[in-house]
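**Student:** The listed protein sequences derive, respectively, from chains A and B.
Numbering of the first sequence is given in the numbering used here, commencing with residue 768 and proceeding in unit increments.
Numbering of the second sequence is given in the numbering used here, commencing with residue 126 and proceeding in unit increments.
Please keep in mind that the hints were generated in silico from the structure rather than gathered at the bench.
Be a bit skeptical, because a hint or two may be false.
[As the list claims (entries may be wrong)] The calculated lysine-lysine pairs, modelled on BS3-like cross-linking and capped at a C-alpha distance of 27 Å, are:
| no. | chain 1 | residue 1 | chain 2 | residue 2 |
| --- | --- | --- | --- | --- |
| 1 | B | K277 | B | K208 |
| 2 | A | K792 | B | K222 |
| 3 | B | K277 | B | K226 |
| 4 | B | K311 | B | K208 |
| 5 | B | K311 | B | K273 |
| 6 | A | K792 | B | K273 |
| 7 | B | K222 | B | K208 |
| 8 | B | K222 | A | K809 |
| 9 | B | K226 | B | K273 |
| 10 | B | K226 | B | K311 |
| 11 | B | K222 | B | K277 |
| 12 | B | K311 | B | K277 |
| 13 | B | K208 | B | K273 |
| 14 | B | K277 | A | K792 |
| 15 | A | K809 | B | K208 |
| 16 | A | K809 | B | K226 |
| 17 | A | K792 | B | K311 |
[Claimed, not checked] FRET-style restraints, in silico, Cβ to Cβ:
| no. | chain 1 | residue 1 | chain 2 | residue 2 | range |
| --- | --- | --- | --- | --- | --- |
| 18 | A | P777 | B | R227 | 35 to 43 Å |
| 19 | A | Y811 | B | D187 | 13 to 21 Å |
| 20 | B | H201 | A | E795 | 25 to 33 Å |
| 21 | A | Y811 | B | R227 | 26 to 34 Å |
| 22 | B | E206 | A | K809 | 52 to 60 Å |
| 23 | A | W827 | B | H201 | 22 to 30 Å |
| 24 | B | K226 | A | Q804 | 25 to 33 Å |
| 25 | B | K226 | A | P813 | 31 to 39 Å |
| 26 | A | K809 | B | T141 | 27 to 35 Å |
| 27 | B | N219 | A | F780 | 30 to 38 Å |
| 28 | B | K226 | A | P777 | 55 to 63 Å |
| 29 | A | P826 | B | T141 | 14 to 22 Å |
| 30 | B | R227 | A | S791 | 24 to 32 Å |
| 31 | A | I774 | B | R326 | 18 to 26 Å |
[As the list claims (entries may be wrong)] Here are a few chain A residues that sit away from chain B, every Cβ distance over 12 Å (derived from the structure):
| no. | residue |
| --- | --- |
| 32 | T788 |
| 33 | V816 |
| 34 | V839 |
A virtual CB, placed ideally from N, CA and C, is assigned to each residue, including glycine.
Listed below, chain by chain, are the residues.
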Amino acid sequence: MSELPRISAPDDFEVAVFVRTALSKLPEALPPDTFEQDVLTKVYPPQPVPQAAPSGRSPWTRAILWSAVAIVGIGLTLSGIAWNMNPFGSDQETPAEETTPARLTSPTLPPDALKPDTIAAAPATKPAPTTKSVAKKKRRNNGPKVVTGY
Amino acid sequence: MDQERQIDPAVQGNRTISTDEELLQRSLNGDEAAFVAIVRRYKDPITNFIYRFIGNYDDAVDIAQETFVRVHRFGHTFLGEVKFSTWLYTIASNLAKSELKRYRRRYGMSLADAFSKSDDDQSWDVPDDSFMPDERVDRTRIAQEVQKALMKVSPTYREMVILRDVQQMSYEEIAAVTETEMGTVKSRINRGRAQLQTELRGLYNELFPTNDV
């Protein structure tokens with residue numbers, strides 16, 4: 768009966784067992800609690816919330832536009848105040864309005880009032896006192912002249 | 126999350142657990158709860174696989190999420206030629222490899238070098254061992270050292286070692302996930318394990334000295 772050769776384990780057998788055991792006993796690296804939610808967020812992205820009356824402009828653009836409107840408004844207000852405070856500004860237009868003949872613009876005159884016949888037939892009216900006659904009247908009513916120095 | 130999602134969507138109705146393929150089909154038909162069930166079923170093993178492969182927890186979580194997003198987006202391309210889980214791991218594996226390449230391009234160094242310089246990225250599973258019993262201290266230290274050693278193994282071997290020894294997949298499944306021949310899978314796993322043994326021999330000798338027994 769021939770003896771079978773004795774087979775021994777390789778030198779590094781123990782280390783090999785140690786390594787494979789250690790690999791199988793490695794602690795499991797578990798994902799965080801938010802893992803599922805994170806995956807679902809990636810797969811089903813949340814729908815954007817509709818906002819009221821989107822203007823399509825960025826907040827910066829809107830801010831600049833509103834600032835420009837405010838500046839123009841303030842400018843108009845200040846110029847209006849300055850215009851009303853100017854004593855010449857308001858008086859310059861008044862004479863132009865007064866130079867317009869009243870009888871040409873007056874709506875009370877009939878259309879044919881300016882015809883020669885109509886003027887002749889019109890009742891005589893006392894003419895308005897001229898500047899000269901008013902001065903004479905004033906002189907007469909002024910009383911005695913006081914002469915001083917004599 | 127609405128009320129319906131609080132219940133496990135996979136066991137609603139007649140209380141039978143739907144298969145992955147059924148859930149995917151329902152998800153493709155617009156059943157949101159079915160998709161949630163898929164995520165719940167696979168989020169832990171997928172995150173764990175990616176973390177062990179790339180060694181960075183935050184990136185691993187991000188890639189795991191991206192994996193499920195791809196499932197939702199490209200679910201219609203799943204033809205049922207392989208198991209759904211195989212298809213899922215293939216997506217995760219490809220994304221993880223892309224991340225490794227991107228990392229190498231960006232930083233010009235391997236992940237192992239990067240993570241050996243900062244242990245912060247690996248400290249999530251070892252919060253504080255100051256008051257732990259010796260056995261737990263050893264276990265957490267071993268986990269840390271094994272992860273460091275894993276990051277020093279070349280990615281081609283590392284992926285297969287993780288799928289086999291951490292995720293406990295069969296050789297057939299690994300061949301399907303990595304789209305590699307069975308013989309290549311076995312040889313790569315052996316080479317990966319050999320590299321790990323080289324890296325961890327010092328730790329083993331330290332923990333279990335020969336004159337200890």
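**Student:** Give a verdict on every hint.
**Tutor:** How the hints compare with the structure:
1. B:K277 <-> B:K208: 31 Å, violated
2. A:K792 <-> B:K222: Cα-Cα ~24 Å, so holds.
3. B:K277 <-> B:K226: With a Cα-Cα distance of about 15 Å, the restraint between K277 of chain B and K226 of chain B holds, given a limit of 27 Å.
4. B:K311 <-> B:K208: 21 Å, holds
5. B:K311 <-> B:K273: 23 Å, holds
6. A:K792 <-> B:K273: 15 Å, holds
7. B:K222 <-> B:K208: 21 Å, holds
8. B:K222 <-> A:K809: 22 Å, holds
9. B:K226 <-> B:K273: 19 Å, holds
10. B:K226 <-> B:K311: Holds: K226 of chain B and K311 of chain B sit about 24 Å apart, inside 27 Å.
11. B:K222 <-> B:K277: 15 Å, holds
12. B:K311 <-> B:K277: 19 Å, holds
13. B:K208 <-> B:K273: 32 Å, violated
14. B:K277 <-> A:K792: 19 Å, holds
15. A:K809 <-> B:K208: OK: K809 of chain A and K208 of chain B at ~25 Å, within 27 Å.
16. A:K809 <-> B:K226: The given pair, whose Cα atoms are some 24 Å apart, holds under the 27 Å limit.
17. A:K792 <-> B:K311: Satisfied, since the Cα-Cα distance of roughly 21 Å is no more than 27 Å.
18. A:P777 <-> B:R227: 35 to 43 Å: 39 Å, holds
19. A:Y811 <-> B:D187: 13 to 21 Å: 18 Å, holds
20. B:H201 <-> A:E795: 25 to 33 Å: 31 Å, holds
21. A:Y811 <-> B:R227: 26 to 34 Å: 27 Å, holds
22. B:E206 <-> A:K809: 52 to 60 Å: 27 Å, violated
23. A:W827 <-> B:H201: 22 to 30 Å: Violated: the Cβ-Cβ distance is about 44 Å, outside 22 to 30 Å.
24. B:K226 <-> A:Q804: 25 to 33 Å: 30 Å, holds
25. B:K226 <-> A:P813: 31 to 39 Å: This hint holds: roughly 33 Å between Cβ atoms.
26. A:K809 <-> B:T141: 27 to 35 Å: Given a distance of about 30 Å, which is inside 27 to 35 Å, the answer is holds.
27. B:N219 <-> A:F780: 30 to 38 Å: Holds: the Cβ-Cβ distance is about 35 Å, inside 30 to 38 Å.
28. B:K226 <-> A:P777: 55 to 63 Å: For K226 of chain B and P777 of chain A the Cβ distance comes to about 35 Å; the hint is violated.
29. A:P826 <-> B:T141: 14 to 22 Å: 55 Å, violated
30. B:R227 <-> A:S791: 24 to 32 Å: Holds: the Cβ-Cβ distance is about 30 Å, inside 24 to 32 Å.
31. A:I774 <-> B:R326: 18 to 26 Å: Given range 18 to 26 Å: holds, Cβ gap about 23 Å.
32. T788: 9 Å, violated
33. V816: Label holds. Min Cβ-Cβ 18 Å, cutoff 12 Å.
34. V839: Since the minimum Cβ distance to chain B is about 53 Å, V839 of chain A lies beyond 12 Å and the statement holds.
Going through the hint list in order, the structure does not satisfy hints 1, 13, 22, 23, 28, 29, 32.
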